[in-house]
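Chain A is already provided as a structure; the job is to place chain B on it using the hints.
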Amino acid sequence: MSGYDTRASRATQPAGRDRTAPRFIDSVALIAGREITMRFRSKAFLISTGVLMLAVLASVVLGSIFGAQESTAKVAVVAGASAVVDGNDALEAVAASDQDEAERMLRDGEVEAIVAPAASDPLGITVIGLDSPPTSVVRALSVQPTVELLDPAATDPGLAYLVAFGFGLVFFMSALTFGTTISQSVVEEKQTRVVEILLSTVSARALLTGKVIGNSVMAFAQIIAIAVLATLGLILTGQRVLIGGLGASVVWFIIFFAIGFVMLAALFAATSAMVSRAEDIGSVTTPVTMLVMIPYFLVIFFNDNPTVLAIMSYVPFSAPVGMPMRVFLGDAQWWEPVLSLVILLATTALAVWIGERIYRNSLLKTGGRVRLAEALQG
Amino acid sequence: MLELHDVTKRYGDRLALDGVSFTVGDGRLTGFVGGNGAGKTTTMRIILGVLASDGGAVTLGGTPLTDADRRRFGYMPEERGLYPKMRLLEQTVYLARLHGWTPAAARRNALELLERLGLGERTNDTIESLSLGNQQRAQIAAALVHRPEVLVLDEPFSGLDPMAVETVQSVLADVAASGAPVLFSSHQLDIVERLCDDLVIIAGGRIRAAGSGDALRAEHRTERWELLMTGDAGWLRQSPGIRVDEFDGGWAVFEAESDAARQAVLADAVARGEVVTFTREHTTLAQIFKEVVR
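Protein chains in written order, with the numbering used here: chain A, -9 to 368; chain B, 1236 to 1529.
Worth flagging that the hints you see were computed from the coordinates, not collected in a lab.
To give an idea of the chain A side of the interface with chain B (calculated C-beta under 7 Å), a few residues:
hint, residue
1, ARG9
2, PRO12
3, THR182
4, ARG183
5, GLU186
6, LEU189
7, SER190
Short, incomplete list of chain B residues facing chain A, as computed with Cβ under 7 Å:
hint, residue
8, LEU1283
9, VAL1285
10, TYR1310
11, PRO1312
12, GLU1314
13, GLY1316
14, LEU1317
15, PRO1319
16, ARG1332
17, LEU1333
18, GLY1335
19, TRP1336
20, THR1337
21, ALA1340
These stretches of chain A come out as covered by chain B in the derived footprint (C-beta under 8 Å, 3 or more residues):
hint, region
22, 24 to 38
23, 191 to 202
Ideal placement from N, C-alpha and C gives every residue a C-beta, glycine not left out.
Chain A on its own, in the form it takes in the complex:
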């Protein structure tokens, strides 16, 4: 250490070129950066993210395949019957010169049915199938009466269920995955004792903020990646219809998620700071885990119950799922998401304040589990 150059007296000299007095935000950025770097280096994280992405992609692609099967059916059209098939969107006509060629195509599986002229039939055609009646072709050729509903549902209940399930699952999975990650990261620092060096360098607030931001960025990036992947998949497979109706609710979901996640992250960090061993994380974070799970089940079971949804959309812990759902269903007035967001912001601020207190007071207490009252008191 030749040239160990230091001034023993008070550190009042202006910082040199090599070092500056670190601001709060610099420390937070460094800590958040470390969280993200280490996460990307974790094989478990990379694999689980890969699996999740594949699952999203697979569900979109499978959806398009099952969807496509119903859309158009290939039929062999024997000369004379083409007038009936032309202009029918549900059928794709393949011209056959005569009945024999059409039957060969049917037996080879090139077409699903044959449409042939039949003088004796009142409609003037016969539909020929191979081993079972070709119902989709028959339906496409049938005349259907106009249907009117006196009290139409605004949204298809099946679709509503899917959207509820989607919001619920994405929130649940991300909050739990990254909440657990935060817990592990907090306990790791406590368990390995590195926390004492950190606390002699940066404030507990900077440490907590860096952790929450680092993991929130990761969770958020994952949500965006899922959204982009799903949207791309839907566009590429031609399922534009679904996207149009989702737009506003997805935007609200992302906003609510971003803030709601910060709240949960602070709570996960604070509760985990009360224990010293990774094995104890589960028991101590159970209450927070419940706060994540309950909205998930509620939105799945009660997505058709306006009262439950309305309550959910204002309770901070379920608002990230409940409010976008109501926006999707068209139940929410324009000001409702805004009001709910204000409530969520206030709760998040409170959670961060309490969380920081617990975190700061528990970090150096190793050994047993720190009691909540003790952690709050300091």
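Showing chain B alone in chain A's frame:
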């Protein structure tokens, strides 16, 4: 100059620190000695601001410590630990950057220091893959990489092999020589005695003795004398006004009734053989410690 003024700390009903005051001078290697539970770690944690005191003040150059000042402290906690999965260089650079160093300068400092600590070949190994001795050195690197202006080390020598003890000693001496106050605690009284300029002895949360090693030794010197001569010193037992405490061949430790009796012993010894040593017994830190803690 780092000063503690009447610092108190209470854990529930137990008074862990009771009016602790002492000074760590600029450029002085100060040893902090005390039994288990005497309050060393608590004191150091309070200096670093990791723990809040219940009373008193810690000042640097006469004004109360701020968090910004503490950024320029180097600290080695009693509870060792670094991020197990981070690489050595990466970890050291990270800590330097948390202290405000630019990435390039942090890297330069880290490489230089790791090289000096004999970890130059290990910079890309993860902390968990290092041997225990090397993990200890890494811990020292973590305390020094930001070129602290005050150094506080809790038991820096525990768990070190003799080679590492030597390295760390020279590093600490360098830091002190650069003008930084250095405070370190240790159970190994011989190391403290050899290394330190100043000593602070704590027991039961109270400072029992503090000052330069020489002053403490002078204050606690005994009236025992040591003789080493060629031939057998058994005749000493028959000398008038002399009580022999320890004896082994030509070596003896004795107490004399008077200066005259002592001088007579010396004259006798010179007449009987070659005198190698005739001196007041060296007061060891262990003796001082036992005496003040009692």
